Amino acid sequence: MSMFRASKLRVLLRTGSLEAAAAAKGELEELVKKAARRETNRLYRTVCRWWKETEVLMITGATTGKVEANNTAIKNIKRTALGYRNPAKVKSVPATTSLNRVCLEAG
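With our numbering, letter number 71 in the sequence shown gets 62, and the count goes up by one each step, no holes.
Please note: incorrect hints may appear among the correct ones.
DSSO-like, lysine-lysine: derived pairs with alpha carbons at most 27 Å apart [stated by the list, open to error]:
no., residue 1, residue 2
1, Lys43, Lys57
2, Lys43, Lys16
3, Lys57, Lys69
4, Lys43, Lys69
5, Lys43, Lys24
For each label pair, taking beta carbons as the anchor points, the in silico distance ranges come out as [as the list claims (entries may be wrong)]:
no., residue 1, residue 2, range
6, Thr6, Glu30, 20 to 28 Å
7, Arg40, Arg5, 37 to 45 Å
8, Ala14, Arg70, 29 to 37 Å
9, Val58, Lys25, 32 to 40 Å
Hints are computed from structural coordinates only; laboratory data are not their basis. The structure presented is a predicted model; accordingly, all values stated were derived computationally and were not measured. Note that CB positions come from ideal geometry on N, CA and C, so glycine has one too.
With the sequences and hints as input, model every part of the structure.
Right, dumping it as structure tokens:
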């Protein structure tokens, strides 16, 4: 995708009103039609598919960033509580515990 189309997408996302965003989306659509490339068509389909969510973002400014940061912090606290910093070890703990339980029950 050329830098011009990428910059049009950035303009679309930075607009201050829904009307300006709709106009920028129309310009992007025209550029995509002119380009007639699979990559640009896919980009435009993605923009259209997520348009309602994009409008909500423009109106409210709400993102999932804080939620994702909290989830990451909780994961790190759980790892530290178990005494592990390596996620691979955390994943192996339940398997080892289950194996020990089976061996104890069988023996």
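Exercise for the section: Mind checking the hinted window 29 to 37 Å against the Cβ distance between Ala14 and Arg70? Expected result: Hint violated: Cβ distance 48 Å, outside 29 to 37 Å.
Exercise for the section: Please test the hint of 20 to 28 Å on the beta carbon pair from Thr6 and Glu30. Expected result: Holds: the Cβ-Cβ distance is about 23 Å, inside 20 to 28 Å.
Practice task
Take the C-beta atom of Val58 and the C-beta atom of Lys25, compute their distance, and say whether it sits inside 32 to 40 Å.
Solution key: About 39 Å separates the Cβ atoms of Val58 and Lys25, which means 32 to 40 Å holds.
Problem - Restraint status (C-alpha distance of Lys43 to Lys57 at most 27 Å) - result: Holds, at about 21 Å.
Exercise for the section: Could you grab the alpha-carbon distance between Lys43 and Lys24 and see if it respects the 27 Å cut-off? Expected result: Given pair Lys43, Lys24 holds - Cα atoms ~22 Å apart, limit 27 Å.
Problem - 27 Å Cα cutoff - pair Lys43, Lys16 - result: 13 Å, holds
Handout entry: 27 Å limit on alpha-carbon distance, applied to hinted pair Lys57 and Lys69
Key = 18 Å, holds
Exercise for the section: Can you let me know if the beta-carbon spacing of Arg40 and Arg5 is within 37 to 45 Å? Expected result: At roughly 20 Å between Cβ atoms, Arg5 and Arg40 fall outside 37 to 45 Å, so the hint is violated.
Problem - Distance restraint between Lys43 and Lys69, which requires alpha-carbon spacing of 27 Å or less - result: Given pair Lys43, Lys69 is violated - Cα atoms ~36 Å apart, limit 27 Å.
Going through the hint list in order, the structure does not satisfy hints 4, 7, 8.
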